[in-house]
Amino acid sequence: MIPPFVIENSPALMVIVPFVAAFIAPFSGRVAPALRALVVGGAMAITSAITLLLASDVYAHGTRLYVFGAQAATLAVPPDSGGIPVRIMFTVDPMSALMLVITAISAFAVVLYSLTSERHHSGLGSYYTLFLLMVTGILGMVSTGDIFNFFVFLEILSIASAGLIAFRIDGGVAVEAAIKYFVLSTIGALAILFAIGIYYGEYNALNMALIAQRMQFTLLDQLALVLIIAALAMKCGAVPMHFWTPDAYSMAPSSITALLVVASQASLYGLFRTVFSLYNIALNAACVGWLIIILGVLSMVVGVTMAIPQKNVKRLMAYHAISQTGYMLLGVGVGLAVLGNQPLLDAFGYMAMEGGIFHIINHAMYKGLLFLTAGAIFFRIGTYDLNKMGGLGHSMKWTMIFFIIGALAIAGIPPFNGFASKLMIYESVFAFNPVLSVIAMVVSILTLASFVKVFHSIFMGPVLPEYKDVREVPRPMLAGMGILALVVILFGIFPSLVVETLVAPAAHALADQGMYIAAVIGGGV
Amino acid sequence: MDMLFTLDTGAGFWNPVLWILGAAVAGVIALILYSLGEKGYRKGTAQEDPFISGNPEPEKGLVHVRSGNLYWGFLDAMNGYYRRLVPLHTGDLHDYVLWYMGMTALFLVVVVVFR
Chain A
232 MIPPFVIENS
242 PALMVIVPFV
252 AAFIAPFSGR
262 VAPALRALVV
272 GGAMAITSAI
282 TLLLASDVYA
292 HGTRLYVFGA
302 QAATLAVPPD
312 SGGIPVRIMF
322 TVDPMSALML
332 VITAISAFAV
342 VLYSLTSERH
352 HSGLGSYYTL
362 FLLMVTGILG
372 MVSTGDIFNF
382 FVFLEILSIA
392 SAGLIAFRID
402 GGVAVEAAIK
412 YFVLSTIGAL
422 AILFAIGIYY
432 GEYNALNMAL
442 IAQRMQFTLL
452 DQLALVLIIA
462 ALAMKCGAVP
472 MHFWTPDAYS
482 MAPSSITALL
492 VVASQASLYG
502 LFRTVFSLYN
512 IALNAACVGW
522 LIIILGVLSM
532 VVGVTMAIPQ
542 KNVKRLMAYH
552 AISQTGYMLL
562 GVGVGLAVLG
572 NQPLLDAFGY
582 MAMEGGIFHI
592 INHAMYKGLL
602 FLTAGAIFFR
612 IGTYDLNKMG
622 GLGHSMKWTM
632 IFFIIGALAI
642 AGIPPFNGFA
652 SKLMIYESVF
662 AFNPVLSVIA
672 MVVSILTLAS
682 FVKVFHSIFM
692 GPVLPEYKDV
702 REVPRPMLAG
712 MGILALVVIL
722 FGIFPSLVVE
732 TLVAPAAHAL
742 ADQGMYIAAV
752 IGGGV
Chain B
774 MDMLFTLDTG
784 AGFWNPVLWI
794 LGAAVAGVIA
804 LILYSLGEKG
814 YRKGTAQEDP
824 FISGNPEPEK
834 GLVHVRSGNL
844 YWGFLDAMNG
854 YYRRLVPLHT
864 GDLHDYVLWY
874 MGMTALFLVV
884 VVVFR
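These protein sequence lines are chains A and B, in that order. Under my numbering, the residue at position 206 of the first sequence is numbered 437, and the numbers go up by one with no gaps. Under my numbering, the residue at position 111 of the second sequence is numbered 884, and the numbers go up by one with no gaps.
It cannot be assumed that every hint is accurate.
[What the hints assert, rightly or not] Below, computed lysine to any residue pairings styled on SDA-like, alpha-carbon distance capped at 20 Å: (1) B:816 with A:616; (2) B:833 with A:645; (3) A:699 with A:616.
[What the hints assert, rightly or not] Label pairs and their in silico Cβ distance ranges: (4) A:676 with B:796: 45 to 55 Å; (5) B:793 with A:664: 29 to 39 Å; (6) A:703 with B:797: 23 to 33 Å; (7) A:700 with B:784: 50 to 60 Å; (8) A:356 with B:795: 31 to 41 Å; (9) B:875 with A:628: 29 to 39 Å; (10) A:353 with B:784: 21 to 31 Å; (11) B:850 with A:745: 49 to 59 Å; (12) A:614 with B:803: 28 to 38 Å; (13) A:292 with B:875: 37 to 47 Å; (14) B:803 with A:258: 53 to 63 Å; (15) B:863 with A:421: 40 to 50 Å.
[Stated by the list, open to error] Which chain A residues stay away from chain B? Per the calculated CB distances, all over 12 Å, these: (16) 263; (17) 304; (18) 314; (19) 382; (20) 537; (21) 619; (22) 670; (23) 745.
Read the hints as simulated data drawn from the structure, not as lab findings. Cβ coordinates follow ideal geometry from the N, Cα and C atoms, glycine included.
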């Protein structure tokens, strides 16, 4: 039923479709806004379908290679290349596939929501161009097997994101937030480029599998590792390099903020890919693991405590995004800390990694949902100020229900998806260090307290006179939120299925450097 | 069936279906207790008015507890912590870059020392 051409070329198509559509969107908008909506919605639907198709193929048949410009798509090392994989290639293993699933679901829900939420704004040609470029950047980052290509897609993502953060201008405040994001992103990208130069100078290679195979962990490699860890930790909003996050998340349109969450997780993916697939046991896993754990704990605690006093609902949610990133860093950091010790890895290391990785997909869904509910509130009342809200539960019942689902999920309340991943993190991290587990639980309680405050402030209380005419948001916006809410519920009710099918293969693919190298180079140069 | 619903968490397990069944039973018990309550309640009558020591009820908008009034006690108790933490969030890009550079330097020292 699906043409073999599509399946064979799915890694290329999933990037090409949004990329080409990005440049068609502004022209189609000049013909008719409805045509632009058709182009953007259609391109995103096709991209999501291809992406999910590729992910299911990877989960069914193992890592997929796609070598651009080669005689055969899987010909990584041509006979006349001197044993070096010279071409640009995508290496989609189960960890990449998991990130593809996240991006496909989130981006489709966001575009569905955006088509209505942004329809009254000007400059929509640019908006959708940048939106589709963001999607291209994320998909490329999580699929590429070439480290220079990773940098290129990171730059596409950063530039498009900065443009969209500034989209509403908002008296210059949004532009200021975008400039902060852009300056930091550029410095981080330069650091990554410098690290890439080190690898190229040392190993004459840009392919990640080949660099991993030749890794010596010299002083220069240590410098490169630090440059990449710091840059990507900053990009994913880890404390104390998180300062840009509340500024950018709160000023971007809410639909874009939901996608910025996925963008941050693509950086987190890059961080994990670097330490596990490039370095693995070549580095002092316990040392770097603890470094990541400390970043995680700081992010959890500082994120949640900074969220509680916030008055702007999106700034509050942004700090919670930082806090939740801490859980992912904690879980995967524990896995890294015991990477060289197989008994400990089997006892709780894999479980911690699975918890952290499961939390990535869960967080993308519920935090995306929460940002979309914040956008729905803004769509109707025109403010993010919690002090000016109240009683909206009377008129925006569906938005309230979606908010409750997202809030309970982020607070780790059963039976929603956040509980399942947090439980895996608590139990496995407890076996590693009980204090860390206790901190994670306390942070969850504070998260619940914070969202109780938000829920009361927005939805509870009598109908306020200024909001007596407020109505529910249009159905396409509800549909966008509904998709994410449905995933939150289903992942909560079938956690085992998700972990066995999507998460465990991803965790094992990440930890198994040999498998990653063999998939590309086939056992040795 | 077991693979669908029971998640192995290492030291234990989590079965959301059991939890939902438990919650449903608790809900039924709560409904039964609710049905045993006051029968004379009439919606939309003066029975719904709050009793504020005989004083008249203020405007609805005036009695809503706004966000800024919530968790005052927590924030006051944690004043020492917030007094140090909040000023670090200056909003100044120079500070953001300095934190990033500082952390990069710190990571380098840690990774090289513990290589």
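Which earlier hints can't be squared with this structure?
Those not satisfied are hints 1, 2, 4, 8, 9, 10, 15, 20 and 21.
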